[in-house]
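Chains as they are written, first to last, in our numbering: chain E, 9 to 373; chain S, 2 to 603; chain L, -4 to 416.
Quick caveat, the hints were computed from the structure, so don't treat them as lab data.
Please note: incorrect hints may appear among the correct ones.
Keeping only pairs whose Cα atoms sit at most 20 Å apart, straight-line, the calculated EDC-like set for lysine to aspartate or glutamate is [unchecked claim]: (1) K190(S) with D105(L); (2) K561(S) with E160(E); (3) K223(S) with D105(L); (4) K320(L) with D119(S); (5) K320(L) with E39(S); (6) K152(L) with E316(S); (7) K190(S) with E70(L); (8) K303(L) with E70(L); (9) K190(S) with D81(L); (10) K190(S) with D107(L); (11) K320(L) with D123(S); (12) K190(S) with E106(L).
Sample of chain S residues with no beta-carbon within 10 Å of chain L, all distances over it, derived [said to hold, decoys possible]: (13) F127; (14) V136; (15) A198; (16) A215; (17) T328; (18) M459; (19) F493.
Ideal Cβ positions, reconstructed from N, Cα and C, are used throughout, including at glycine.
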Amino acid sequence: MTATQRKPQKVWKTNNWVDLFLTAIRIGAMAFIGVGLLAFVLEQAGGEGLTGGAIRGLFVTGISQGAMYGLIALGYSMVYGVLGFINFAHGEVFMAGAMSGWITSTILFENGMWEGEAKFVLALLIVLVIAVIVSTLATILIERVAYRPLRESPRLIPLITSIGVSFFMQNAVLGLFGPASKTLPAPPPWMSAEYTFLRIEGTKILVLVIAAVSMAGLWVFVERTKTGKAMRAVAEDKEIAALMGIDVNRTIVTTFAVGGAMAGVAGVLWGLLFRGVSALTGFLPGIKAFTAAVIGGVGNLGGSMAGGLLLGLVESVAPLVILKPLGIPAVSQLKDAVAFAVLVLILLFKPTGLFGERLAAEDRA
Amino acid sequence: MSRSATDIDAKRSTYIGLIAGSTVVFMGLVGIGVGLNERMLIDPILSLGYLFVLTVPFVAGFVAANEVVLEGMEEPEKGSRDLLAGGIAGLAGGLVVGLFLVVLNRFDLSEWMPRWGDQLLDLFSFRQGVGLGIVISLVVGAVLGAFGGGIHVLKPEAKRLLTIVGVSVLTLAILEAVVDDFLGEIGLKSLARLLYASGGGLAFVPALIVVAIATALALGFKGKGTELKNQYDAMDEGEQKKYNTYMMFATIATAIILPIFLGKIVNELLANIGLFVLLALGLNIVVGRAGILDIGYVAFFAVGAYAMAVLTTPEAPWRLNDTFANTAFSWLPVLPWLVALPIVVVLTGFVGLLIGTPVIRMRGDYLAIVTLGFGEIIRLLFLSDWLSPTLGGSQGIRNIPGVDIGIAEVNGTDPRAVFWLVAVFVALAIYISHQLETSRIGRAWMAIREDEPVAEAMGINTVTTKLFAFVTGAVLASFSGAIFAAKVGSTFPNSFLLLVSIIILVVVIVGGMGNIPGVIVGAVVLIGILGGPKQPGLLAEFSEFKLLIYGALLVFMMLKRPEGLIPNAARTRELHLEEALQDAWLKGEKPGSDDDEAVATA
Amino acid sequence: MYKSKKWSRGIALGVAFGLAAAACGSDAPEFEAGALGAVEVKEGESIQIRSLEAISGDVAFLGIPNDRGTALAVEDYGQIKGFDVDVGTSLDDLCSADGGQAAAQTIAADEDVVGVIGTSCSGAATAAMPLISNAGMVMISPSNTSPALTSDLEGNKGSDYNVGYYRTAHNDLFQGRGAATFAFEELGLTTAAVIHDGDPYTNGLAQAFADAFEALGGTVTTFTAVNKGDTDMTPVLTEVGAESPELLFFPIFMPEGGFIAQQVAGVPGLENVQLMGADALLTDNFMELPESEGMYFSGPDLQYGSNKSTTGKSAEDFLAAYNAKYGEEPSAAFWAHAYDATVLLLTAIDNVAVESGGSLFIDRQALRDELNKVSGVPGITGSLSCDEFGDCGAQKIALILHENSGDIAASKENVVYSYAP
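Please work from the sequences and hints to get the whole structure.
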């Protein structure tokens, strides 16, 4: 039953051409990136490229976007660690948080809670708490209705189910709230001023701070509390955990709930940063966040957060730094393509992600 | 412990009823009720919207009365307790709807939810205002729930009769376009006018006549079906084979002859269904046979369509733009469809290999997300300004000629010819799928699906075997893409959204993964009735809710019938083996779990 | 042996299909009237026209007012020579080629249909028009703007032109020229960047603007694109900002247009850039954004004033009727074009229809000839004249200045430049 015994041994001999081909892809990709970077450096040296301010702007926006990917990725990562399947609907849980953020912030705005420093911070807290509640409830409901009955099915079954849940939720919200994109109220003016020597916008600082605090909170929860210990035990081996007296079912629900809460926080931050949400808000960020989790190493919480930051950064910087110097027009169109290409490349070089996976024994195939 | 007639689980019935009521409210708020209300099924009495809304309490009643009988428990007596259980469920549902009516009337949430408003109030209260509306919803809920529960009381023959009558009336109503078209084509337009009301929907009197005819037929042919089946079972193997061959030829003959008697609308529908059958057969090999969850399958459909467009269009963007990449190929002549097809197939197969090689060794779920990524990358490349001098970018490639088969050109203006063309390729795809399934490689796929490490240990080269499935799937998709390009006459990147991959996946799963007839039935039912991503089905009104229904269907099928409508024997065994194990585990574990909880809370 | 048997069966099957496909010919209706036949409307029946618009999905905001505009026009026009006009059930073009084709198939299958009002999206018309044209029908679109469907305005047929196609919407080339002329000559800006979102419409308009701007002597510093669904616009704006253009033209939709307007502020190189959008952003949820203040918008001239259709209705009458019937304002600008398109079609039918023996005969070729002759016909959008490739629109482009996000109605009337060659 152990994974090591099952490891294929003769693959290298019989699949020579496959390996050759993969090596060629690896070399080609590295060469492409190298040439692009070289062209960029030459351009910069020639004084034609981006200004320092522009590059700083790209980094800041990339990191704040990446922080949200990271927060969503935590949910994917934890669920994958415990149950071993991609919860495709997690992006929709994030969207539910963002939609609730739209409703509560609009109501608070209409009641004059969106001005002044103290009032605004209080309002923001209310919005955050409600979004966390909505997302957590949504994810618990999904787990109960769609995933629990499938706990012991072949592994593709819950994955396909989660695709269905994702589509259902997306279109349910589309039907309930209409297709138009919703605009959140603009934060007070002092929030859009620039602070610190890096001249970062107030909203982006807020996003980074909240993301960091949530991440730290999650870390304390997982590493220092009894429930957190139970979660780690279940992730390591469900059967043994059950034997040790841990309520596996409850721990799985907790895992989903904590992931949902993080997605709810990310939803509010998304609304703050971009001030626009719709039923489709969750889909692409959801997929990107899973990408981030894979890049960082599934099941590895720190890795997921780092993967998110990296993906956000690459997405923001790579088109202009690698593709544009190569003479490719309209590079921003290819942003998503770059993100997926990064996923493929990372998996080609490090199949377990940059910081390594932490998975249950049975999932380490 | 004996159970009396009134001994029912009221709590469970209420619970089911509350869920049903919330479902009805949800349907209303999403817009299913009002949005579908314009499509009449039976002219003055039943619209599609009401069909949806009213089915819910009926089903709730049915489910509530259908108690789980565990082993060792006395089978409960059928009778008034079923009606009561169903009625309670319906009543609870009606209560939820009634409460919702009050809220709807009292508060205005239309700022948030566009469907919130008077139209919804009218729908749920049957245009009678809030007060009367609550009474009506309670009564209607209870009555329908009781009817639903009452189904259990009926004798099997009565159940069968009711099903046949209900299904035939609804089928006739749903198939309005087909029947209308068919009758018009064979010169019986007047009959169609008699049958259907001018605003759409079966007229009331003809609906009654249909009920009468269906009843008569059902009673007349009672037992004939089982008789036939018994006869078939009684045959020896050779005779069965002969019989199967006859049936196959009959099916083929129908496929050839039937379109002649059908008009453009139905032929168009059939052609679209055919394109999806092709795609579903391809994905069936990849997902159903080899167990590779590819959710970027649309990529190959897109590559097939674009490759055909690039090769056969005289005014293709790349012939008009003189960039370096384009001029390098300018010697390539404009090819006719049939000549270009082999090139398209090889090219798509090559792309399949290119995408497949890096992903094939990945774990199932990683593979899913990476194929999804590749699907998006390909669409983005087709859309990009970067490649637009060659591929047209967002303006697509237009003026793609049809298929010149010597005597005539098959293109979108003649859907009948397109259908025949599609049918040829569907036949080819079925042939290929069948050959592969029964061959050595088919058995290798099965082995891999069931246990990859063991298959590997048995000397199967899993990487090349899986790659072969991947590439075969790509090739089948390229057929579909090539016909699609010639049929529509243009290719735009927005025809190849991720959505297409998902819908094909739903078709394969609903039909029955790994099973050729299942996949075909899935495509006919889903694409035919609900419609494809950009193709209207028979219930064109659904277009707004299509994806919602597809999503719900996918979840429902996975939970209740993962083997699909027409299951594949081996697949069912796999799925139910797990289920049996699960049952065993549940039974063994259940008593212990309480103790677990005690420990955890202690 | 088993195998070879199967093979032969496969081949036989293929041959059978091939023969069957060959045997199928075309089945055009034969009437003695014109070259394309005629439609006979029997006593007591109605004249059949169809409405084919994007009535579901994310483009429904455009298609639904078009569909309703057609319905209201049919109501206003009344009977034609004692016969009612029936629009039937509205069809959905799904704003795509495949959707347009499927719907057109339904229309073409019904030999009683005389003409179609639609489609909403140019991509749908590309695939629908061959079928409509082949069936001898005519189609008048209220909101297709792609030059490929008609002509390049220099007398050269567009690549997707089909006989029987007309439209009351403007040609993108007009709008591109109008916006470029305003920017270059009125505002005196010489460098511009253009962003589209990969939609065929926005891409076409962006290209038309860029070409016209360069023809006038301006420089297009960046021609780039975002994707639908993008939220973080900093990278694309950084790309644009690297060349410090004076004007940023982004004729795209919400929500991406909103993200650009909101995020442009902090990007180096774009501190003083003038923003300009097009009709796709003339929506309330964009114009309510404080960041949209000070922007110019190009679009069809919506100042209809006292223009009256031949039905005697003005824009004001129409909007009152629309509001009374549907309980809301039109969600997009092309309702008047739909109204005019319908009246144009009905008038032409009225002119060519011949009564004979209680039936009404409408000759298909005569209908096309009649539409080709349209010149100076009054409509809500202005005076309509069809050129030889079916461009019938009033072709007036207006540029408005949006000054106050709290008063959108005032901004929509604040026309600062009008382009009507």
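Evaluation of the provided hints:
Restraint check: the Cα-Cα separation between K190(S) and D105(L) comes to about 12 Å, which is no more than 20 Å; the hinted pair holds. Restraint check for K561(S) and E160(E): the C-alpha separation of about 14 Å stays at or below 20 Å, so the hint holds. In summary, the hint linking K223(S) to D105(L) is not supported, as the alpha carbons are separated by about 40 Å, beyond the 20 Å threshold. For the given pair, K320(L) sits about 14 Å from D119(S) by alpha-carbon distance, which is consistent with the 20 Å threshold.
Restraint check for K320(L) and E39(S): satisfied, since their Cα atoms lie roughly 17 Å apart, inside the 20 Å limit. Annotation: proposed proximity of K152(L) to E316(S) holds, straight-line Cα distance about 14 Å (limit 20 Å). For the hint linking K190(S) to E70(L), the alpha-carbon distance of about 28 Å lies beyond 20 Å, and the restraint is violated. The straight-line distance between the Cα atoms of K303(L) and E70(L) is roughly 16 Å, inside the 20 Å bound, and the hint therefore holds.
A C-alpha spacing of about 19 Å is found between K190(S) and D81(L), which places the hinted pair at or below 20 Å, so the restraint holds. Under the criterion of a C-alpha separation no larger than 20 Å, the hint pairing K190(S) with D107(L) is consistent with the structure, at around 13 Å. At most 20 Å may separate the alpha-carbon atoms for a hinted pair to count; K320(L) and D123(S) meet this at roughly 17 Å. Distance check on the hinted pair: K190(S) and E106(L) sit about 13 Å apart at the alpha-carbon level, within 20 Å; holds.
Once the 10 Å rule is applied to beta carbons, F127(S) is consistent with being away from chain L; the minimum gap is 21 Å. Every Cβ of chain L is farther than 10 Å from the Cβ of V136(S); the closest lies at roughly 28 Å, confirming the non-interface assignment. Distance to chain L confirms A198(S) as a non-interface residue, since its nearest Cβ pair spans about 13 Å, more than 10 Å. For A215(S), the requirement that its beta carbon stay farther than 10 Å from each beta carbon of chain L is met, with the minimum near 27 Å.
With a closest Cβ-Cβ approach of about 21 Å to chain L, T328(S) is found to remain outside the 10 Å limit, as its non-interface label requires. Distance to chain L confirms M459(S) as a non-interface residue, since its nearest Cβ pair spans about 25 Å, more than 10 Å. A beta-carbon of chain L is positioned within 10 Å of the beta-carbon of F493(S); the least distance is around 5 Å.
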